[in-house]
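So the protein sequences, as listed, match chains E and P. Residue numbers for the first sequence follow the numbering used here, so the first one is 577 and each next one is one higher. Residue numbers for the second sequence follow the numbering used here, so the first one is 9 and each next one is one higher.
Where hints are given, some of them may not hold.
Facing chain E, from chain P, some residues (calculated, C-beta under 8 Å) [claimed, not checked]:
no.: 1; residue: G48
no.: 2; residue: L49
no.: 3; residue: K80
no.: 4; residue: G102
no.: 5; residue: L106
no.: 6; residue: L220
Here are some of the chain P residues that sit facing chain E, going by a computed Cβ distance under 7 Å [stated by the list, open to error]:
no.: 7; residue: P50
no.: 8; residue: R52
no.: 9; residue: V56
no.: 10; residue: V58
no.: 11; residue: L99
no.: 12; residue: L105
no.: 13; residue: T107
no.: 14; residue: L126
no.: 15; residue: F130
no.: 16; residue: L231
no.: 17; residue: A232
no.: 18; residue: A234
no.: 19; residue: A238
no.: 20; residue: R241
Honestly, the hints are just simulated from the structure, not real lab data. Yeah, the Cβ is synthetic: ideal placement off N, Cα and C, and Gly gets one too.
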Amino acid sequence: MHGGLAYLGVAFLAIWAAISGYLVVLSRRQRSIDRRLKDLQVQAARQELPSSP
Amino acid sequence: MMPRLNPETAIRRLTAFVVVGMALGLVGIFFWVPTDAFQGLPQRIFYVHVPTALIAYLAFGVVLIGSLAYLKTGRHVWDAVAHASAEVGVLFTGCNLLTGMLWGRPIWGTYWTWDARLTSTFVMFLIYVGYLLFRSMATDPGRGARVAAVIGIVGFIDVPLVHYSVDWWRTLHPIMAIINLKGPQNLPASMLITMFWMTFVLAGLYALLILLRMRLDAAQEALAVAEAAAADRRPSIAAAPGAALGQPAVSPVGAPIATPGA
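Bound conformation, chain E alone (with noise of 0.2 Å):
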């Protein structure tokens, strides 16, 4: 029965962790790309403002 417990808790953590392991690698390349785009942003803007009239 314990053996059987032990089964069932390693296939709930483990279902648990993959969804979670991916949903953190999705957020952690969403928030570098959210970031070098602002950068872009940013710089295009301090660009742009000298050549304005």
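Mind docking chain P on chain E? Use the hints.
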């Protein structure tokens, strides 16, 4: 006319649904359904094992539809849908294989056996892992997307093979007889309701992951456009007032750009 749902709102609502639905599902699995008289506690793996398999079928079905639509229309959105669905499908297939192994060990006495159901599921997993690997290694994105679409279409052949393998071959894996259309049900109502509820919640999770993956894809595309625009602006940086005053020009990532004669 129905108002269009903002993706961010859809993501927030789906997240709330999945969190609440999963909590209810876990209460059902651990406190409501009866313990199986023969298999004992490991039988409760059934409530995630079967739903992950059904969602993997759904995911690879969406890959098939997205790939066909992409080849027909050439619209990038279909390719993005297929790509996202393949990634999420691989995740669910991996979870299905893992839970199957952990259920098989106490019941069959082994984690793995090369019977038709297990082998065809593993082959399905490998086909879509190959699809994702091919995409990540393709140097020409347009050609890569077209070839990936062909893999997504041909790869789907394995999905009915997985589903009907238990009927077509003699396997250790039990025949999937969850609903009996001809008479009384094989399972008590609480088991059926919990299993279908978990399938519904995991379908919500699938939709949420697809939206998040497609948002990432859109951001990657926006970044590529912004980087190309920044690269176009670079030659004029040397002639910018800052450069004339001897201040170093700076790249979008903040690294100094070497200017001629500097």
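To see whether the hints hold, each was checked on the structure:
{"no.": "1", "hint": "G48", "result": "holds, 5 Å"}
{"no.": "2", "hint": "L49", "result": "holds, 4 Å"}
{"no.": "3", "hint": "K80", "result": "violated, 29 Å"}
{"no.": "4", "hint": "G102", "result": "holds, 6 Å"}
{"no.": "5", "hint": "L106", "result": "holds, 5 Å"}
{"no.": "6", "hint": "L220", "result": "holds, 5 Å"}
{"no.": "7", "hint": "P50", "result": "holds, 5 Å"}
{"no.": "8", "hint": "R52", "result": "holds, 6 Å"}
{"no.": "9", "hint": "V56", "result": "holds, 6 Å"}
{"no.": "10", "hint": "V58", "result": "violated, 13 Å"}
{"no.": "11", "hint": "L99", "result": "holds, 5 Å"}
{"no.": "12", "hint": "L105", "result": "violated, 11 Å"}
{"no.": "13", "hint": "T107", "result": "holds, 5 Å"}
{"no.": "14", "hint": "L126", "result": "violated, 16 Å"}
{"no.": "15", "hint": "F130", "result": "violated, 17 Å"}
{"no.": "16", "hint": "L231", "result": "holds, 5 Å"}
{"no.": "17", "hint": "A232", "result": "violated, 10 Å"}
{"no.": "18", "hint": "A234", "result": "holds, 4 Å"}
{"no.": "19", "hint": "A238", "result": "holds, 6 Å"}
{"no.": "20", "hint": "R241", "result": "holds, 6 Å"}
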